[in-house]
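A.B. asks: Chains as they are written, first to last, in numbering that gives the first Met the number 0: chain A, 0 to 62; chain B, 0 to 483.
These are calculated hints, taken from the structure and not from any lab test. Among the hints, erroneous ones may be present.
If we take Cβ atoms under 7 Å as the criterion, some of the chain B residues that face chain A in the derived model are [stated by the list, open to error]:
1) V79
2) P80
3) Y86
4) G209
5) W211
6) L233
7) A234
8) Q236
9) Y241
10) A242
11) R272
12) A275
13) P279
14) S282
15) G286
Here are the simulated distance ranges between beta carbons [said to hold, decoys possible]:
16) A:A4 - B:N28: 24 to 34 Å
17) B:A12 - A:V10: 43 to 53 Å
18) B:F19 - A:F21: 32 to 42 Å
19) B:T455 - A:H24: 38 to 48 Å
Keep in mind the model is a prediction, meaning the values are calculated, not measured. Yeah, the Cβ is synthetic: ideal placement off N, Cα and C, and Gly gets one too.
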Amino acid sequence: MRRRACYALLVLPFAGTLIPAFYNHAGPPLFGIPFFYWYQLAWIPATAGLLGIVVALTRGDRV
Amino acid sequence: MSSAAVVLGTIVAGVTVLGFLAARWGGANLGDLEQWALGGRSFGTIVSWFLLGGDLYTAYTFIAVPALVYGVGALGFFAVPYATIAYPVALVVLSRFWVLARERGYVTAADFVRDHYAHRPLEIAVALTGAVAAMPYIALQLVGMRAVFGRFSTLGAAHSLPALTVAFVLLAAYTYVSGLRAPALIAFVKDTLIYVAVIAAIVVIPARLGGWAHVFAVSSAALAARPRPSSIYLAPQQYFTYATMAFGSALSLFIYPHSITSVLAARSLQVVRRNAALLPVYSLLLGLLALLGYCGIAAGISAKDTNSVVPLLFARYFPDWFTGVADAAIVVGALVPAAIMSIGASNLFASNVFREFSPQRSPVETRVAKALTLAICAFALLFVFFVPVPYAIDFQLLGGALMLQIFPSFVLGLWTRRLDPNALLAGWACGIATSGAMAYAAGFTSNFPLHVFGVTLTGFIALYALAVNLIVAIGLTLARRVAR
Numbered sequence: 000m001r002r003r004a005c006y007a008l009l010v011l012p013f014a015g016t017l018i019p020a021f022y023n024h025a026g027p028p029l030f031g032i033p034f035f036y037w038y039q040l041a042w043i044p045a046t047a048g049l050l051g052i053v054v055a056l057t058r059g060d061r062v
Numbered sequence: 000m001s002s003a004a005v006v007l008g009t010i011v012a013g014v015t016v017l018g019f020l021a022a023r024w025g026g027a028n029l030g031d032l033e034q035w036a037l038g039g040r041s042f043g044t045i046v047s048w049f050l051l052g053g054d055l056y057t058a059y060t061f062i063a064v065p066a067l068v069y070g071v072g073a074l075g076f077f078a079v080p081y082a083t084i085a086y087p088v089a090l091v092v093l094s095r096f097w098v099l100a101r102e103r104g105y106v107t108a109a110d111f112v113r114d115h116y117a118h119r120p121l122e123i124a125v126a127l128t129g130a131v132a133a134m135p136y137i138a139l140q141l142v143g144m145r146a147v148f149g150r151f152s153t154l155g156a157a158h159s160l161p162a163l164t165v166a167f168v169l170l171a172a173y174t175y176v177s178g179l180r181a182p183a184l185i186a187f188v189k190d191t192l193i194y195v196a197v198i199a200a201i202v203v204i205p206a207r208l209g210g211w212a213h214v215f216a217v218s219s220a221a222l223a224a225r226p227r228p229s230s231i232y233l234a235p236q237q238y239f240t241y242a243t244m245a246f247g248s249a250l251s252l253f254i255y256p257h258s259i260t261s262v263l264a265a266r267s268l269q270v271v272r273r274n275a276a277l278l279p280v281y282s283l284l285l286g287l288l289a290l291l292g293y294c295g296i297a298a299g300i301s302a303k304d305t306n307s308v309v310p311l312l313f314a315r316y317f318p319d320w321f322t323g324v325a326d327a328a329i330v331v332g333a334l335v336p337a338a339i340m341s342i343g344a345s346n347l348f349a350s351n352v353f354r355e356f357s358p359q360r361s362p363v364e365t366r367v368a369k370a371l372t373l374a375i376c377a378f379a380l381l382f383v384f385f386v387p388v389p390y391a392i393d394f395q396l397l398g399g400a401l402m403l404q405i406f407p408s409f410v411l412g413l414w415t416r417r418l419d420p421n422a423l424l425a426g427w428a429c430g431i432a433t434s435g436a437m438a439y440a441a442g443f444t445s446n447f448p449l450h451v452f453g454v455t456l457t458g459f460i461a462l463y464a465l466a467v468n469l470i471v472a473i474g475l476t477l478a479r480r481v482a483r
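Bound conformation, chain A alone:
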């Protein structure tokens, strides 16, 4: 049961990407790309990492 608690990690990508007011601005840019764009792109590998953690920790569990 405690291992299943790690599914709560999956709330982070929703919180991080679904409130545009927090990231809808230009700075700081990365390689000339405004924050709005690279911040959202950065959530893709971050989400993959979180999913990897959850998948590894809950191996064999049924949801």
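Knowing the structure of chain A, use the given hints to seat chain B on it.
C.D. replies: Relative to chain A, chain B alone:
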């Protein structure tokens, strides 16, 4: 004949041969529905990664998203959060569904609905929703192919009918013969071409345009100067639209019949779960392609049809033969999902509409499913020629609004038996009606301005309709319980 046309023609011919050869893969009896439609449920992590990547990242990714960014700026970037949060949803929902499907022999989501509720009308409603929602999605693939073929036709996109028809007839033929093994094998070619083309584009094009900072500066000025001005940032009243489009699309992605088909072809639960963590690599491609929309603006590409922005960009910055490779990536990239969509939709008709689901499947069912793929391909071809939609993406978004209406019966049903099937059917009907009415009122675009408490909330129709659906389904379930 240009070398681009030769390269494109050769690659398309090559994948056609592969499509037919796929029938021999594994030496299976293709008269069996599980073999024809699900590849014998035998695919491991790597085959599934290519297949799902080839299936989920479609002309939507290569054509429609860059076109939307080119056309409306920041709002078009909603596809990136969408393609991110779809995977947490997938992990939770599909882990549950895959196990049940394996135990009980499901081929479609409607098989589950039939088995779970023993309610024939609800099974048919769920099956028809999937089959109908697949049509505009297949049509979107055709729009993508048309954008490529149109570049070769001196008369423009509208006159690429012969090439499009030939490509689609070939697609229908090898799908009929080989089933899911055809797109699974072709997906290896498709994904390789896509990675090569996108990485080349993202290295070469921004550098030739003077760097990203310049690309964004030019795009910002150009968007502001348009007849209908937009921006590289969201306006505050677009926040809600942006979030609802991303969230609604993410909820609907993995209940589409083509997603279900590819997921059920996986060999084990571990294959599905690993892929939930590995597939986001493709979402990075989607994000980079979205940025190519701005490269299109900065390069001064003036496209009468916004869908041709990406093909035109390749044609401008790459040698002719490599443009052919990129064109092939887009065309093959549209053929793979179109094949899986037609398989998924015909499974729904064969297993759930014409004949109710039972774990003992008959050879007749396979024959019906195979014949239906041909009909569905033909129908999608007609759809794209007779239904004009300004942005191809609205095809997919409106299909998504319909698709999401099976969420209560299918996804919630995976966890609860408390919802009454009649109430779910009523909720579904209200959801579909709401989608239709809002889409009509919004001129067949995907967002509806809802006026509540003196505020206007412009949001994705799919989520508004789902809200109505849930209120009706849960309300009627409670009402029936009180009455009893």
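A.B. asks: Would you mind marking each hint as holding or not holding in the structure?
C.D. replies: Structure-based check of all given hints:
With a cut of 7 Å, the hint placing V79 (chain B) at the interface with chain A holds, because the nearest CB-to-CB distance is about 5 Å. For P80 (chain B), the interface hint holds, since its Cβ comes within 7 Å of a Cβ in chain A; the closest pair sits about 4 Å apart. Nearest Cβ of chain A to the Cβ of Y86 (chain B): about 6 Å, under the 7 Å cut. The hint holds. Annotation: G209 (chain B) was flagged as interfacial toward chain A, and the flag is violated, the nearest CB pair being 10 Å apart, outside 7 Å.
Against a cut-off of 7 Å between C-beta atoms, the interface hint on W211 (chain B) holds, since the closest Cβ of chain A lies about 3 Å away. Interface restraint check for L233 (chain B): the shortest CB-CB distance to chain A comes to about 5 Å, inside 7 Å, so the restraint holds. At its closest, the beta carbon of A234 (chain B) sits 9 Å from a beta carbon of chain A; the interface hint therefore is violated under the 7 Å criterion. Given hint, Q236 (chain B) at the interface with chain A, is violated; its Cβ is 11 Å from that chain's nearest Cβ, farther than 7 Å.
With its C-beta approaching chain A no nearer than about 5 Å, Y241 (chain B) sits inside the 7 Å limit, and its interface hint holds. Among the interface hints, the one on A242 (chain B) holds; its C-beta lies about 5 Å from the nearest C-beta in chain A, closer than the 7 Å criterion. Annotation: interface hint on R272 (chain B) holds; nearest CB of chain A at approximately 5 Å, less than 7 Å. Because the beta carbon of A275 (chain B) sits about 5 Å from the nearest beta carbon in chain A, less than 7 Å, this interface hint is met.
Annotation: interface hint on P279 (chain B) holds; nearest CB of chain A at approximately 4 Å, less than 7 Å. The interface hint given for S282 (chain B) holds, since its Cβ lies 5 Å from the closest Cβ of chain A, which is under the 7 Å cut-off. Interface hint at G286 (chain B): satisfied, since its Cβ lies 5 Å from the closest Cβ of chain A, which is below the 7 Å cut-off. Taken as a hint, the range 24 to 34 Å is violated for the pair A4 (chain A) and N28 (chain B), whose Cβ atoms sit roughly 46 Å apart.
For the pair A12 (chain B) and V10 (chain A), the supplied restraint of 43 to 53 Å holds, since their beta-carbon distance comes to about 48 Å. For F19 (chain B) and F21 (chain A), the Cβ-Cβ distance of about 51 Å falls outside the hinted range of 32 to 42 Å, so the restraint is violated. Roughly 24 Å separates the CB atoms of T455 (chain B) and H24 (chain A), a value that falls outside the hinted 38 to 48 Å.
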